[in-house]
Amino acid sequence: MKKVFLEGAISPEFIADSIAKHQGKHSIGAHNIFLGQVRGDEVDGKKVESIEFTSYEEMANEKLHEIREAAFEKFDLTCIHIYHSLGNVKVGGICIFVFVSAPRRKQVYEATEWLVNQVKTEVPIFGKEIFENEESQWKVNS
Amino acid sequence: MIQVKYFGLIAEAANCNSENVAEENKTLSQILSDLTSRHQLGDYNFQVAVNKKIVSNLSDHVLSDGDEIAFLPPFSGG
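Top to bottom, those sequences are chains A and B.
Here the UniProt record's numbering is used: the first residue of the first sequence is 1, the next is one more, and so on.
Here the UniProt record's numbering is used: the first residue of the second sequence is 1, the next is one more, and so on.
Hints may contain errors.
[As the list claims (entries may be wrong)] The calculated label-pair distances, taken between Cβ atoms and stated as ranges, are: (1) Asn17(B) to Asn141(A): 21 to 31 Å; (2) Lys2(A) to Lys26(B): 30 to 40 Å; (3) Ser29(B) to Ala70(A): 28 to 38 Å; (4) Asn141(A) to Glu12(B): 16 to 26 Å; (5) Tyr44(B) to Glu132(A): 42 to 52 Å.
Derived from the structure by calculation, the hints contain no laboratory data.
Source: prediction; values computed, not measured.
Glycine is no exception: its CB is placed at the ideal position from the N, C-alpha and C atoms.
Produce the complete structure using the sequences and hints provided.
Written as structure tokens, this is what we have:
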């Protein structure tokens, strides 16, 4: 089972390093990357300062494995990497990183969007938005 | 014994992350109904997973000793 969950924000260095690791895979002609960043929404005059992520990790890992297998069936891909934060991620931090590689361009666009949608709707991850005044509300995906 | 896990908003509302309940030949619907009323979860929206799989037809589900039930509020990853 591939490791998906990382504690805290996903650093730009981690992302750059992931890209670099593919330079030896010469069947790849296209990469596509989705990065989700914590947005400083304002709700009733209060600004979101961070999101605290929790997960039912054992189920999430099983589900993510199924999603990866389904994506390889559905699209002509060379590799898929999915990372998601757990714990606290401040506004501006990256909390999801989906990285798709294939021989050609068309497949990576479609596969990335499909994968991000699957992670948001099918994987038991829960975000709690923490405001500047330390109040909080549970995030709802739109 | 059945292990019950609560997540996110539901864990907060129940003020509990996990607990064990005795099976006593109860069905999944009976156990859920007991826990929902004990923790006052009636107003909340959640799905139920048994052994890490979402159960859509709760009334037909038969539990075995050692099963793990999870109360899952709407997912909000990403």
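Hint check results:
Range check, Asn17(B) to Asn141(A): about 23 Å between beta-carbon atoms, so the 21 to 31 Å window is met. Distance hint check for Lys2(A) and Lys26(B): the Cβ-Cβ separation is about 38 Å, which falls inside the suggested range of 30 to 40 Å. A hinted range of 28 to 38 Å for the beta carbons of Ser29(B) and Ala70(A) is consistent with their spacing of about 31 Å. The hinted range of 16 to 26 Å is satisfied by Asn141(A) and Glu12(B), whose Cβ atoms lie roughly 18 Å apart.
For Tyr44(B) and Glu132(A), the Cβ-Cβ distance of about 27 Å falls outside the hinted range of 42 to 52 Å, so the restraint is violated.
In summary, the structure is inconsistent with hint 5 from the numbered list given earlier, while agreeing with all the others.
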